[in-house]
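Asker: Sequence:
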Amino acid sequence: MQETPEHPPEATVSVHLRLNGIPVTIEVSPNAILLDVLREQLGLTGTKKGCDHGQCGACTVHLDGRAINACLRLAVMCEGQAITTIEGLANEGLAAGDALHPVQQAFLDHDAFQCGYCSPGQIMSAVALLEDRRVAGDIGTVREAMSGNLCRCGAYQNILAAIQDARLRLHGQEGGDDA
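Per the numbering used here, the very first residue in the sequence shown carries number 1487; after that it's consecutive.
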């Protein structure tokens, strides 16, 4: 598009953040959605675009340690914050070298995916859930806490089993098995 009085050049904003443990400065449009910036500008395609309405959880990332839907947040709102995507999960200090994060390993061990599209969001939500010691470990509570993440393939039982196994790996405690 040519610059004319009717079409002024699009303004951008510098955003400084810590992305997967690395300081990053990016130029974004003021209305750029974090999910689109991660995928299209930064090439981090592990975070999936599902519904674009915050209803499926496929775009879940960590923002300062909390799970959020990246499709509902403007990139400029992340100024000065730390973002962790599925690609940076190992950098959170629990995996060494090429090792997987314990939640990722549990998902593999329990076949907690079928098509795999929702897996990054499921894993990111599960990690945040397991790091929040206020959330009880019984199946009912875990199911409720994960209810913002949809799996079209219906692998929910395996996902719950993986989360309970990861809880053992991370915290050495069982969550209970009241389904």
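Possibly wrong hints are sitting among the right ones.
With beta-carbon atoms standing in for the labels, derived distance ranges [to be verified]: (1) Asp1595 x Asn1517: 40 to 50 Å; (2) Ala1568 x Leu1656: 17 to 27 Å; (3) Glu1630 x Thr1531: 21 to 31 Å; (4) Pro1509 x Tyr1603: 42 to 52 Å; (5) His1657 x Gln1527: 30 to 40 Å; (6) Asp1597 x Glu1526: 28 to 38 Å.
Everything labelled a hint here was simulated from the structure, so no lab data went into it.
Note that the Cβ used here is the ideal one computed from N, Cα and C, for glycine as well.
Asker: So, for every hint listed, does it hold in this structure?
Answerer: Evaluation of the provided hints:
{"no.": "1", "hint": "Asp1595 x Asn1517: 40 to 50 Å", "result": "holds (42 Å)"}
{"no.": "2", "hint": "Ala1568 x Leu1656: 17 to 27 Å", "result": "holds (20 Å)"}
{"no.": "3", "hint": "Glu1630 x Thr1531: 21 to 31 Å", "result": "holds (30 Å)"}
{"no.": "4", "hint": "Pro1509 x Tyr1603: 42 to 52 Å", "result": "violated (31 Å)"}
{"no.": "5", "hint": "His1657 x Gln1527: 30 to 40 Å", "result": "holds (36 Å)"}
{"no.": "6", "hint": "Asp1597 x Glu1526: 28 to 38 Å", "result": "holds (31 Å)"}
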